[in-house]
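Enquirer: Just so you know, numbering that gives the first Met the number 0 puts the end of the sequence shown at 373, numbered straight through with nothing missing.
Calculated directly from the structure, the hints in this document are not laboratory data. Ideal Cβ placement from N, Cα and C applies to all residues, glycine included. One or more of the hints may lead you astray.
Label pairs and their in silico Cβ distance ranges [stated by the list, open to error]:
id, residue 1, residue 2, range
1, Lys64, Glu149, 17 to 23 Å
2, Glu165, Glu313, 28 to 34 Å
3, Cys33, Lys54, 34 to 40 Å
4, Glu57, Glu165, 34 to 40 Å
5, Leu135, Pro278, 33 to 39 Å
6, Gly315, Glu16, 28 to 34 Å
7, Val309, Thr203, 47 to 53 Å
8, Met0, Glu130, 24 to 30 Å
9, Ala222, Lys159, 18 to 24 Å
10, Met0, Asp132, 52 to 58 Å
11, Gly163, Asn113, 19 to 25 Å
12, Lys298, Ala222, 20 to 26 Å
In silico DSSO-like cross-links for lysine-lysine, where the CA-CA straight-line distance does not exceed 30 Å [to be verified]:
id, residue 1, residue 2
13, Lys161, Lys296
14, Lys171, Lys2
15, Lys171, Lys147
16, Lys53, Lys370
17, Lys97, Lys262
18, Lys298, Lys161
19, Lys281, Lys54
20, Lys296, Lys262
21, Lys53, Lys171
22, Lys348, Lys370
23, Lys42, Lys64
24, Lys64, Lys97
25, Lys106, Lys64
26, Lys358, Lys206
27, Lys161, Lys147
28, Lys159, Lys44
29, Lys53, Lys106
30, Lys281, Lys370
31, Lys159, Lys53
32, Lys206, Lys296
33, Lys281, Lys106
34, Lys161, Lys42
35, Lys206, Lys67
36, Lys159, Lys2
37, Lys159, Lys147
38, Lys2, Lys97
39, Lys206, Lys97
40, Lys64, Lys2
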Amino acid sequence: MIKTILFDVDGVLLSEEHYFDASALTVWEMLISCSYLALAPEKFKTDYNETEIKKIRERVFQNDKVLKFMKSRGLNANWDMIYLSFSHQLIHLLSQIKDTEIEKITKWCQAPINRETLLEIGRVLSNYHVETDFSLFLEDFARSEATKQELLSYLNELAKDKLGIETTIFNKGELWSICEHVSQEWYVGDEHVLVSTGRPSVQTGKKGFLTNETTLAPRDEIAALFQFLTRSGFTIGIGTGRPALETIQPFQHLGWLNNFDDKRIVTADEVLAAEGELPEWKSLSKPHPYTYVMCLKGKGTSVRECLDTVLPIENGEEVLVVGDSLADLLAARQIDCQFAAVLTGLSGKDARSEFEQHKADYILDSVLELKNIL
0 MIKTILFDVD GVLLSEEHYF DASALTVWEM LISCSYLALA PEKFKTDYNE
50 TEIKKIRERV FQNDKVLKFM KSRGLNANWD MIYLSFSHQL IHLLSQIKDT
100 EIEKITKWCQ APINRETLLE IGRVLSNYHV ETDFSLFLED FARSEATKQE
150 LLSYLNELAK DKLGIETTIF NKGELWSICE HVSQEWYVGD EHVLVSTGRP
200 SVQTGKKGFL TNETTLAPRD EIAALFQFLT RSGFTIGIGT GRPALETIQP
250 FQHLGWLNNF DDKRIVTADE VLAAEGELPE WKSLSKPHPY TYVMCLKGKG
300 TSVRECLDTV LPIENGEEVL VVGDSLADLL AARQIDCQFA AVLTGLSGKD
350 ARSEFEQHKA DYILDSVLEL KNIL
């Protein structure tokens with residue numbers, strides 16, 4: 000008998016589309032802007048219109064085929080997707096100058112890549128005719144069986160293959176943080192970036208998407224669902240890859256927030272903080288079950304207690320995770336709780352076969368159908 004229901008946000012309650020737009024704009028900026036590689040600074044601006052954003056996203060993510068591939072391999076965090084896409088292009092660009100600049104490339108691959116390094120790389124690249132090629136992503140990664148965080152490690156193998164250099168530089172680190180910060184500039188805009196990241200904008204002039212959230216069912220009907228669940232005695236919580244600002248503010252604006260106990264709203268902020276406490280880096284983002292374990296135990300539970308939780312948990316059948324991605328399903332399976340797949344994510348109804356293959360307990364066309372299975 001289900002007693003606790005934990006919701007993912009993107010693809011279940013709120014649309015992911017603006018996140019993917021911001022992700023594409025991040026990769027684009029880091030390649031062409033004079034603040035980073037400066038491949039085409041004359042093409043960069045901070046106020047692209049909807050048509051321009053659509054074209055950039057189609058190019059960077061190859062009509063979303065790249066996004067769907069990463070999701071199918073269990074990668075769920077937009078920041079990881081951005082990092083994977085940008086780093087792959089960086090390796091491809093360096094491969095075009097390796098015959099004449101191998102000493103510099105070797106040096107760059109021996110220390111963390113920071114913004115100053117990117118500016119230096121850009122200055123060297125400007126001396127050559129180099130081109131991006133986003134179509135190579137699927138070709139290069141299809142050769143690997145890597146899943147989840149292994150995809151980031153596979154970048155080091157690509158560096159060895161394409162550059163002839165042994166390196167671990169593409170493990171999650173300083174360059175990943177740069178990608179994260181640029182994406183937050185695009186998503187939350189100038190007004191909120193300092194609160195969101197603790198750092199000011201590198202490139203100002205971005206309005207952000209934060210005030211333009213799209214619900215995946217009528218907002219009042221989702222509110223009524225939450226009220227029905229709490230009145231019926233269910234414990235409900237949120238386990239999302241969104242940062243706290245991008246979760247709390249929309250929920251408050253939509254009138255959903257008062258249905259949740261703050262201790263059961265676990266976001267990317269808690270996951271990043273937990274990763275920072277580990278003696279050596281380890282990803283705790285989905286499909287790692289950390290997000291949902293902390294949600295069950297309550298925010299404020301120590302990182303060690305969450306990580307030491309014996310899995311599968313007792314009475315897992317009393318917990319239902321509601322998500323839209325394979326990463327959510329894999330996290331739920333480690334906990335040994337039930338999983339309801341909602342077909343309102345990136346792949347829409349096309350995701351049904353994947354969820355059937357992985358034996359999701361329930362498959363719903365909309366989160367509002369949740370009542371039918373309770």
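Enquirer: Report the numbers of all earlier hints that the structure fails to satisfy, in ascending order.
Expert: Structure breaks hints 2, 3, 8, 9, 13, 14, 16, 17, 18, 19, 25, 26, 28, 29, 30, 31, 32, 36, 38, 39, 40.
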